[in-house]
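Protein chains in written order, with our numbering: chain A, 72 to 289; chain B, 72 to 289; chain C, 881 to 1120; chain D, 19 to 237; chain E, 19 to 237.
Hints were generated in silico from the structure; no laboratory data involved.
Glycine included, each C-beta is placed from N, C-alpha and C at the ideal position.
Wrong hints could be hidden among the right ones.
Facing chain A, a subset of chain E residues (Cβ under 8 Å, in silico) [claimed, not checked]: (1) 25; (2) 106; (3) 211.
If you want the ones that stay clear, here's a sample from chain C, every Cβ over 10 Å from chain A, calculated [as the list claims (entries may be wrong)]: (4) 955; (5) 983; (6) 990; (7) 1032; (8) 1071; (9) 1094.
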Amino acid sequence: MSSPTLVVELSDAVVLVDGFPLLSGVTLELETGTLNVVTGANGAGKTSLLRLLGGLVALSSGSGVVSGVDLRTGDRRDLRRRVGWLGHEGSFYDDLSAKENLTFAAKALGRPTDEIARVLDRVGLSSRTDTPAKRLSAGQRRRLGLAWLLLRRPETWLLDEPYATLDDEGRTFFDELIGDVIRSGASVIVSAHDPLRSNALSPRTITLAGGLVVSDRS
Amino acid sequence: MSSPTLVVELSDAVVLVDGFPLLSGVTLELETGTLNVVTGANGAGKTSLLRLLGGLVALSSGSGVVSGVDLRTGDRRDLRRRVGWLGHEGSFYDDLSAKENLTFAAKALGRPTDEIARVLDRVGLSSRTDTPAKRLSAGQRRRLGLAWLLLRRPETWLLDEPYATLDDEGRTFFDELIGDVIRSGASVIVSAHDPLRSNALSPRTITLAGGLVVSDRS
Amino acid sequence: MIKQLSQRLLGPVTLALLALTFWLGLWVTPPDRIQGNLVRLLYIHPAIAWVGLYVSFGTSVIASCLYLWKRTRSTIMDRVAYCAMEVSAIFITLTLITGSIWGRPTWGVWWAWDARLTSTAILLVFALGYLALRRANDDPELRARRSAVFAIIAAINVPIDHFSVDWWHTLHQGATVFTQNGNFLVHGSMLWTLFLSLFAFTLLFFWLLRARYRLEVLRDQRYAASLDEALAQRRREGVH
Amino acid sequence: MIRTALLVAGKDLRIERRSRVLLWQVLPFGVMALVLSGLALGPAHAGNSSAGPGLFYLVMLLVTLLMINRSQVIEGSSGTRTSVATLGLDPAGVFLGKALALAVELWITGVVVLAGAVLLLHTALVGSAEALPSVLVILAALAAAGTLYGALSGGGQGPATLLPVLSFPAFAPLLIAGERSYSDALHGGSLWQWWLISLVALVAYLGIGILLYGVLEES
Amino acid sequence: MIRTALLVAGKDLRIERRSRVLLWQVLPFGVMALVLSGLALGPAHAGNSSAGPGLFYLVMLLVTLLMINRSQVIEGSSGTRTSVATLGLDPAGVFLGKALALAVELWITGVVVLAGAVLLLHTALVGSAEALPSVLVILAALAAAGTLYGALSGGGQGPATLLPVLSFPAFAPLLIAGERSYSDALHGGSLWQWWLISLVALVAYLGIGILLYGVLEES
Ligand code: HEM
Ligand SMILES: Nc1ncnc2c1ncn2[C@@H]1O[C@H](COP(=O)(O)OP(=O)(O)OP(=O)(O)O)[C@@H](O)[C@H]1O
Ligand SMILES: Nc1ncnc2c1ncn2[C@@H]1O[C@H](COP(=O)(O)OP(=O)(O)OP(=O)(O)O)[C@@H](O)[C@H]1O
Ligand SMILES: [Mg+2]
Ligand SMILES: [Mg+2]
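Build the full structure now, drawing on both the sequences and the hints.
Shown next as structure tokens:
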């Protein structure tokens, strides 16, 4: 049913929480291996859309296929295993250090643990490897989240406002990283208020309003 | 001791948490009724500085006076009552609606409750007055935080990365708001990674690195 | 056709059979030698217990299993499980109440730490816990899964309740009607009235379940209607 | 102070009412805990109605711990605490308000659990009714002490586990006084001395709270 | 599955060891709870050593509830749960790991509280030592059941208050079996039947957990 070149295929997707439609009928097709930016005013439904794509909320009506998983009939947990998620909240154990968090992830994924030092260095946390995650600054937490994703290398990246709390150098690093990820064939869907900084990326931009797609341009 | 035109007077301020110096000797004087922006790389100590100024962490060594309260000998709770604080975490009761939160604040402050509708409208939440705070989107939570401050009208505003999660229109609104606040004689200290957008504000910019002030220009 | 007719007749037939049971139980059958007129509770208490423990709790558990099994997963099963558990909670409560009323004159106390009484009370808490668990979760799918698992865990308590009288020989009446070797210990009109009461209360369960299920469907429909309104409003937020 | 107290109590009770935690979780918990303690002691002790008062107060103590935990959850993240701190509410009023809200909840639960004790543990109905006033006073004292300890253990790491340890020594005298006065009521004994002790405890905790709550507020 | 279980158990125990909650909060709580229940029952019942087993298990039940709550806190914010979900850990392994970590903590606490019961409630030492194996099995069953119920009550609103209500009816049979076998051990009675019941319960909860934990994981 789903064409192999599409990572996201939504048709009239509605997401309800407490009877309120977070998404009010989104129809959208995103191609595998591309960079897509979701923008829109506060409360437009960006986070909700990403959560739907990550299998974190259920589809209430309409239909959708993400990464080959049907959102209505498929196993949402299966979907979650294919996507990488970076949200506002920290996504690690607060009491474990940066390194211990990554070691846990690496072991769970069956990856060699000697990648960890490299990854921590890449996100600029090599001076904070033994700091408990809860003591890290807001931007450092975001970086640790990125490190976790780097270790996982998911096929679909869902990033909710990654720029927020990152400093200048962090944003540049982030743009480079996304370039790499796209080149390696993975798909990236980012929500953002600012336009991306690097022109080399030429993303497709989808604008939401009132839980609907109101504009879509490449 | 403290000159009445200075809202912040720090001299060699050190803040220790778990034996780690979040601030490693900050000397700083900020004038009352001005706009001050604190920038710096991730982990430089911006949040820590604002927390010190808001009386949320204790001074470990050095000396400081904020809003006329001595940080070593004075009552930190007294200080907290004079400043308005906007952080990353929501600052209200998650189970109460936007309006109920503000009503609680207004009653606690002895303000008339008929200001509330106006304030909610001003921050763009008039269509979400009855939504529980926990259901608001990230940007809407930030706006509710601003509404709470608008109601309080503190003499010193401490804002930690206010731009993050606000949309374009929200940032414009925020710049206008800060202009108003300054004109009314209050002092504002903002931490930010982006430069402010409105040129009319001409803030003083303080750059931190490694828990120290490394540059300071108006 | 037949289905429709039987649905239409379910209510009246249930009422008629219940009326018949009460008439037989209160006027036709004789009082007991030892218990006197108290024995008339025999036509209410066991039947209510039967419905509460086996018919409705059992329905709920089976529906829960069907929900968890992928091939039969549907909102229908979830709804049935929920409605049946609600009926079960009511009937278990009634079991406790009728039992206490019976216990007061026979044992001299309203309550005792008897194995069957305790396990029945625990079963009630399971049923209430099930209802509380449903209230605490908003996400329909999550709610359905969790409550299904909970119902299955709770089911372990039903056989314990049933066999408790044999395992812990205590105050409560042992198996009187359905003894292990198939001998009935009560006789004649009493026996038939007892069977009738079991049947009548079982029908009552199905009647209640159907009514409750329809209410749930109606609620869902009303919800769907209010949803269209909400959707339109949400879409309007987009246009300025 | 009174205005602040009412404001805070109203807010807490409104949040509670909205979440229906009391009805669906705390009341069943109370009854269940009673049944379980009865079971734990075995029929020899539980059937024996003299254990009733002790079990009743043991259960109410557990309920108090549960509710204090809950009231910490209501106060929410450290962000919320910070903003509320900047409102400059009178700490004495906050204390009274939180204690009042807790007391109201404990009273409701207490009456239900008392009914449970009468039904399930064969505690005498008349004696229990006579004990009711002292029960209400002791529960109010528990609420005051609990609020105080909630503030003591709040904020830091793992308040959920630290709380019981901190509060147990303070609750012990209340527990004993309660158990004694209830037992006395059951045996038609003189009540006034236990009354006096519980009243003194209530007043003492209220006094300490009004004076010191400000110091305890998260610093 | 076993590999995942060890990984998860290791992580949980490491976090616990670091925060020292067990040593400084749970153990004192256990002993305090024992003392208080003794007080609540009054000297007539508590001095009487036959109440020992019941009180011991009551306390261990409370400790279990406390620890499950704590293990929810460790799992952290919904953000953490989300990321961990994306690791694709085998749910059966996660269940076993969490149950194992909880069991280890309960065993440590259990031994300390047992010592407390011998010292404070004059429960016979020899009988208590004989009861030890059955205590360990029952505590393991409590850990398995508790892990299951923790997952059931987690995430939604007010998990802290929902948990006791959900788990109490399931814990009750364990409590009874434990109390009986401990009492029998004290009186030198036959233990094997209670052994059997507790083993069956342990196996049943482990089985349900391995089969159904995946369904429960927050969706
Ligand atoms: C609160 C008190 C009581 C409770 C909770 C209670 C509970 C129950 C339950 C759960 C059953 C169904 C058992 C099964 O078939 O597996 C039952 C059956 C029955 N009860 Fe009670 N009961 C109570 C008091 C009494 C009293 C006082 C009497 C009479 C003296 C009584 C007589 C019976 C009889 C005759 C049956 C049918 C037994 C059979 O054939 O298996 N019950 N009760
Ligand atoms: N129960 C409810 N009642 C009313 N509105 C609700 C309710 N629940 C959620 N909402 C609204 O649904 C929307 C959710 O939007 P979402 O979080 O996806 O926004 P977003 O585009 O990510 O915004 P932001 O840029 O602020 O992060 C918000 O407008 C929120 O107010
Ligand atoms: N125990 C600790 N050990 C090592 N480093 C610590 C410890 N506690 C805090 N830190 C460091 O202290 C700094 C705190 O910085 P702060 O949160 O003020 O940064 P910030 O300037 O606000 O950064 P951001 O832009 O990311 O928000 C961080 O670099 C953090 O890693
Ligand atoms: Mg968002
Ligand atoms: Mg910061």
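Distal placement of residue 1094/C relative to chain A, Cβ over 10 Å: holds, 21 Å
Verify that the Cβ of residue 1032/C lies farther than 10 Å from every Cβ atom of chain A, and report whether the claim holds or is violated. At about 20 Å from chain A, residue 1032/C clears the 10 Å cut-off, so the statement holds.
Are all beta-carbon distances from residue 990/C to chain A longer than 10 Å? holds, 43 Å
Examine each Cβ of chain A, and state whether all of them lie more than 10 Å from the Cβ of residue 983/C. holds, 45 Å
Nearest-CB test (10 Å) between chain A and residue 955/C: holds, 12 Å
Hint check, residue 25/E versus chain A [nearest Cβ-Cβ separation less than 8 Å]: With Cβ-Cβ at 5 Å, under 8 Å, it holds.
Distal placement of residue 1071/C relative to chain A, Cβ over 10 Å: Holds: least Cβ distance 52 Å, greater than 10 Å.
Agreement of hint residue 211/E with chain A interface, Cβ distance less than 8 Å: violated, 41 Å
Does the interface hint hold: is residue 106/E within less than 8 Å of chain A, judged Cβ to Cβ? At about 4 Å, which falls below the 8 Å cut-off, the nearest Cβ of chain A leaves the hint on residue 106/E intact, so it holds.
Comparing the model with each earlier hint shows a violation of hint 3 alone; every other hint is respected.
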